[in-house]
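Chains as they are written, first to last, in this note's numbering: chain A, 1 to 344; chain B, 1 to 502.
None of these hints come from the bench; they were simulated from the model.
Given the structure is predicted, the values throughout are model-derived calculations rather than measurements.
One should not assume that every hint holds.
[Said to hold, decoys possible] In silico BS3-like pairs for lysine-lysine, Cα to Cα no more than 30 angstroms straight-line: (1) Lys326/B - Lys72/B; (2) Lys373/B - Lys209/A; (3) Lys209/A - Lys321/B; (4) Lys209/A - Lys13/B; (5) Lys131/A - Lys380/B; (6) Lys229/B - Lys321/B; (7) Lys326/B - Lys209/A; (8) Lys209/A - Lys53/B; (9) Lys114/B - Lys131/A; (10) Lys368/B - Lys380/B; (11) Lys229/B - Lys261/B; (12) Lys13/B - Lys53/B; (13) Lys129/B - Lys131/A; (14) Lys53/B - Lys229/B; (15) Lys380/B - Lys261/B; (16) Lys122/B - Lys209/A; (17) Lys53/B - Lys344/B; (18) Lys82/B - Lys131/A; (19) Lys131/A - Lys368/B.
[Claimed, not checked] What the simulated footprint calls covered on chain B by chain A, stretch by stretch (three residues with Cβ under 8 angstroms from a Cβ of chain A suffice, anywhere in the stretch; the number is not a length): (20) 25 to 39; (21) 361 to 367.
All residues carry an ideal CB built from backbone N, CA and C; glycine is no exception.
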Amino acid sequence: MEQAKYEAIKPGVLRHSVVNWVFVTIGVYLIAIVLLVLGIVLQLTGTINNFLTAQNMLNIIDAVSMLGIVAVGMAFVTYSGHYADLSVPTTMALTGIVAVEMLKFGFVAAMLSAIVVGFVVGLINAVAIGKFRANPIIWTLAVNYMSMGVIRLVWVNKQIYPDMTASTVRASEMFDAIFRLRFFDKIALPMVMMIILVIVLQFVMRRTKFGVQLKMTGAARTPARFSGINVERMIAIAFIICALTATIGGLAVTSLNRVGAWYNGKGYEFKAVTAVVIGGVTLAGGRGSIIGVLGGVLVIGILNNILTLLGVGTFSQDMIRGAIFIIVVFVNARSLRKMGRDYE
Amino acid sequence: MSDRQRVVALNMKNVTKRFPGTIAVNQVDFDVFAAEVHALVGENGAGKSTLMKMLAGSYDDYEGEIFIGDQKINLHFPAIAKANGIQMIYQELSLAMPISIAENVLVGRLPVTKLGLLDKQKTVEDTKKALERVGLGHLDPFMAIEEISQHEAQLVEIAKALWNEPCILVMDEPTSALSREEVELLFEIIDRLRNEGLAIVYISHHLPEVFRIADRVTVLRDGKKIATKDVADVTRQEVVQMMVGKSIAEFYRHESHATNKESLRVENLTRFGFFHEVSFRAYEGEVLGLGGLSGAGRSELGRALVGLDEVDYGSVNLHGKPLKIKNMSAAMARGIAYLTENRKSEGLALRLTLRENVLVSLVPRHTKGGVYKQSLGTPKLHELIEELTIIPPDPERTMNNLSGGNQQKVLLAKWMAIEPRVLILDEPTRGVDIGAKTIIHESIERLAQAGHTIILISSDLPELVALSSRILIMRQGRLIREMAKEESSEEIVLLAANGEGV
Numbered sequence: 001m002e003q004a005k006y007e008a009i010k011p012g013v014l015r016h017s018v019v020n021w022v023f024v025t026i027g028v029y030l031i032a033i034v035l036l037v038l039g040i041v042l043q044l045t046g047t048i049n050n051f052l053t054a055q056n057m058l059n060i061i062d063a064v065s066m067l068g069i070v071a072v073g074m075a076f077v078t079y080s081g082h083y084a085d086l087s088v089p090t091t092m093a094l095t096g097i098v099a100v101e102m103l104k105f106g107f108v109a110a111m112l113s114a115i116v117v118g119f120v121v122g123l124i125n126a127v128a129i130g131k132f133r134a135n136p137i138i139w140t141l142a143v144n145y146m147s148m149g150v151i152r153l154v155w156v157n158k159q160i161y162p163d164m165t166a167s168t169v170r171a172s173e174m175f176d177a178i179f180r181l182r183f184f185d186k187i188a189l190p191m192v193m194m195i196i197l198v199i200v201l202q203f204v205m206r207r208t209k210f211g212v213q214l215k216m217t218g219a220a221r222t223p224a225r226f227s228g229i230n231v232e233r234m235i236a237i238a239f240i241i242c243a244l245t246a247t248i249g250g251l252a253v254t255s256l257n258r259v260g261a262w263y264n265g266k267g268y269e270f271k272a273v274t275a276v277v278i279g280g281v282t283l284a285g286g287r288g289s290i291i292g293v294l295g296g297v298l299v300i301g302i303l304n305n306i307l308t309l310l311g312v313g314t315f316s317q318d319m320i321r322g323a324i325f326i327i328v329v330f331v332n333a334r335s336l337r338k339m340g341r342d343y344e
Numbered sequence: 001m002s003d004r005q006r007v008v009a010l011n012m013k014n015v016t017k018r019f020p021g022t023i024a025v026n027q028v029d030f031d032v033f034a035a036e037v038h039a040l041v042g043e044n045g046a047g048k049s050t051l052m053k054m055l056a057g058s059y060d061d062y063e064g065e066i067f068i069g070d071q072k073i074n075l076h077f078p079a080i081a082k083a084n085g086i087q088m089i090y091q092e093l094s095l096a097m098p099i100s101i102a103e104n105v106l107v108g109r110l111p112v113t114k115l116g117l118l119d120k121q122k123t124v125e126d127t128k129k130a131l132e133r134v135g136l137g138h139l140d141p142f143m144a145i146e147e148i149s150q151h152e153a154q155l156v157e158i159a160k161a162l163w164n165e166p167c168i169l170v171m172d173e174p175t176s177a178l179s180r181e182e183v184e185l186l187f188e189i190i191d192r193l194r195n196e197g198l199a200i201v202y203i204s205h206h207l208p209e210v211f212r213i214a215d216r217v218t219v220l221r222d223g224k225k226i227a228t229k230d231v232a233d234v235t236r237q238e239v240v241q242m243m244v245g246k247s248i249a250e251f252y253r254h255e256s257h258a259t260n261k262e263s264l265r266v267e268n269l270t271r272f273g274f275f276h277e278v279s280f281r282a283y284e285g286e287v288l289g290l291g292g293l294s295g296a297g298r299s300e301l302g303r304a305l306v307g308l309d310e311v312d313y314g315s316v317n318l319h320g321k322p323l324k325i326k327n328m329s330a331a332m333a334r335g336i337a338y339l340t341e342n343r344k345s346e347g348l349a350l351r352l353t354l355r356e357n358v359l360v361s362l363v364p365r366h367t368k369g370g371v372y373k374q375s376l377g378t379p380k381l382h383e384l385i386e387e388l389t390i391i392p393p394d395p396e397r398t399m400n401n402l403s404g405g406n407q408q409k410v411l412l413a414k415w416m417a418i419e420p421r422v423l424i425l426d427e428p429t430r431g432v433d434i435g436a437k438t439i440i441h442e443s444i445e446r447l448a449q450a451g452h453t454i455i456l457i458s459s460d461l462p463e464l465v466a467l468s469s470r471i472l473i474m475r476q477g478r479l480i481r482e483m484a485k486e487e488s489s490e491e492i493v494l495l496a497a498n499g500e501g502v
């Protein structure tokens, strides 16, 4: 009789959760494949050229590798149930400009001070949001503005260049060259870093105590607390991871632009959240994976590439990305609602 | 009273309300006269709140007839109840905290000038008039609710209900947040309202209050009406007897497995405002019952013992060694765990799977060098699924696809998984069916038999009496009585919880 009872519980939910599971785990790569096929069809019909070449495929990954680095960190914040870290753009700019400034003490000092600054920004977010339960959106938005003010105040609204600040030519050259490093003449360092971060952070999310407890925290904060999980610490670590990946992204952007400036990192917060959400880490928290986020990043990369080859302008591309974000969030929210209500 | 002409204000004839699988209210007759306070009492789950919701117009599928005055009314929507002069005052306030008293009291009926603007003069007059009826004429109508005290807010709630000129006022545990003096003030107001001719339904399980304020009392049990009596004609013992009765949920009285090896010693534990100077000992193999009314501080004590809430002073010894309660994970590592009374909001991650929910308690134990090995918990998981007969026995099923009883079993499994030496269970069978209840009771007994210490917080008296080796009664934050298994009975526990010794 009990058996019959459970069969009767919401059969629709089960079917739906299977659909959702497929969508969440492999769905994003399906979308990537569909986009690839679309690109190939466009090339065969002669609408675009040079889509399906090894060089273009590499270009796609190259172009999104810095976004990928930032997005895999951002994913931890979303996973923890705190939507997004909107202070990412200025964290990138600030760590970059600090590194350029500190080149006068040498390359190593520049890198280390950038990491320290990134860590401090992450810690401020971690304490305010983890410990004092500040609203993550409002708080990180404010931190973004404040650090922007710091940059403009300290550097008097100027851009600074490595070859001007560095004490030695060697330090400046190293800073310029480091993220231009290519393995086998093809594979750029940011690409390698992205892949290493994906592997490491996927492991952290799935196989460590922190990852498992963060999942519970993101899925249901109060039950996590009542299970003996230090939810404040979990949330804090998530924000620190995000700030550190933003630091790496910021250094890469600064190095490649050969300039430390307040606008480095602009737009990365939205692109990263889009990749995270397309990748199946839902805004409700506790779902998705880093591998999925990589898929989300690739989808954005392929889409950008096709749109550029089609000659679609930057502003139109922004509009298209925004529309896709809204659609994905809508679909996610709908499927979550059908799964049943959550507390909190 | 009896020589006065009695006007029937409300008459419910043979009403029944079914929910899937249960009959919450079963052929009940209930009537209230004008100028009368009629108390409705019964244990948890007796049907009081269902009957009240029926009056509020929450159900459109009840059976039986409801008369207001001498007119038959179909109370199918809340608006119909309001239009017929029924006003409800719930345990939780329905006031909006940040806005003014005036806006709360006159909600939906704020006076406006010809231009459609707020008529401030009239607003003040109307609010003053409403507040004077509950003795709050001195309050500034434009103060926000959050600026006034809890008991004033409770009275504002009543003023708001009265402003709609009800003929029937239903009050659900209106005194739960009030101090003794404030309760007395409230009773004076209720007395006055009765003299003005209002029919008042007073729902409570605080018997002293019922005997202080009510003219008649109706006892419900398991959805049925047991009796309606003039308060003057019954004693408290008789009412308790009727409430408890020979319940259908009478359980087999478990034997005590208590040893004399002390496992937990609590001394003078205090959290100001919640519990004070609590001292007790618990022994291996013992099921130590903790009885009392809701709000007596039992859950707060349980939460404090595992470090979920802070403690102001006092000490706890676990197996002879002092337990420093910093946080819950430290308490868990020492072998003490707490099962929450709120399954859905505090107990389970409803979107996660059975496996994740059970094994979360084992994560610290199965982590080596930061790496968590989930597979280490699999044998334990299967063992628990089998022992508690969790249906369906599918570890990958998400929790919101399980029935309430099975969710509760999963919650218990989560804490059984770490084999705590002291397990605090807060309402471990709340809202579950009889099958799950029996299984949970058997597990509790097995744990005790194996030498674990169980602290059982329960408002389910038959359960408390049947399982406990010893029962402590808590009232208003203090332990007031201890009774051995032999001397405990549902009646004695209920009387003691109400502050009455025998």
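Against the structure, the hints:
Distance hint between lysine 326/B and lysine 72/B is unfulfilled; the C-alpha atoms sit about 61 angstroms from each other, more than 30 angstroms. For a cut-off of 30 angstroms, the pair hint linking lysine 373/B to lysine 209/A stands: about 9 angstroms separates their Cα positions. Restraint check: the Cα-Cα separation between lysine 209/A and lysine 321/B comes to about 28 angstroms, which is no more than 30 angstroms; the hinted pair holds. Between the alpha carbons of lysine 209/A and lysine 13/B the distance comes to roughly 60 angstroms, so the proposed pair goes past 30 angstroms and is violated.
Distance hint between lysine 131/A and lysine 380/B is unfulfilled; the C-alpha atoms sit about 34 angstroms from each other, more than 30 angstroms. Taken as a hint, the lysine 229/B and lysine 321/B pair is broken in the structure, with Cα atoms around 55 angstroms apart against an allowance of 30 angstroms. A hinted pair counts as satisfied when its Cα atoms are at most 30 angstroms apart, and lysine 326/B with lysine 209/A qualifies at roughly 20 angstroms. Of the supplied pair hints, the one linking lysine 209/A and lysine 53/B is violated, its CA atoms being roughly 46 angstroms apart against a limit of 30 angstroms.
A distance of roughly 52 angstroms separates the Cα atoms of lysine 114/B and lysine 131/A; the hinted pair therefore is violated under the 30 angstroms criterion. Between lysine 368/B and lysine 380/B, the direct Cα distance comes to roughly 18 angstroms. Compliance with the 30 angstroms bound is thereby established for this hinted pair. As the CA atoms of lysine 229/B and lysine 261/B are separated by approximately 49 angstroms, the hinted pair breaks the 30 angstroms bound. Only pairs whose Cα atoms come within 30 angstroms are accepted, and lysine 13/B paired with lysine 53/B is accepted, the gap being roughly 16 angstroms.
Among the hinted pairs, lysine 129/B with lysine 131/A is inconsistent with the structure: their alpha-carbon atoms are about 46 angstroms apart, more than 30 angstroms. Between lysine 53/B and lysine 229/B, the direct Cα distance comes to roughly 23 angstroms. Compliance with the 30 angstroms bound is thereby established for this hinted pair. A distance of roughly 28 angstroms separates the Cα atoms of lysine 380/B and lysine 261/B; the hinted pair therefore holds under the 30 angstroms criterion. Of the supplied pair hints, the one linking lysine 122/B and lysine 209/A is violated, its CA atoms being roughly 63 angstroms apart against a limit of 30 angstroms.
A distance of roughly 23 angstroms separates the Cα atoms of lysine 53/B and lysine 344/B; the hinted pair therefore holds under the 30 angstroms criterion. Between lysine 82/B and lysine 131/A, the direct Cα distance comes to roughly 45 angstroms. Violation of the 30 angstroms bound is thereby established for this hinted pair. About 27 angstroms separates the Cα atoms of lysine 131/A and lysine 368/B, which keeps this hinted pair within 30 angstroms; it holds. Taking a C-beta to C-beta cut-off of 8 angstroms, the region 25 to 39 of chain B contributes 0 residues in contact with chain A, too few for the three needed, and the coverage statement is violated.
Here's how the region 361 to 367 of chain B fares: 4 of its residues keep a CB closer than 8 angstroms to some CB of chain A, so the rule of at least three is met and the hint holds.
Figure legend: structure checked against the earlier numbered hints; hints not met, in rising order: 1, 4, 5, 6, 8, 9, 11, 13, 16, 18 and 20.
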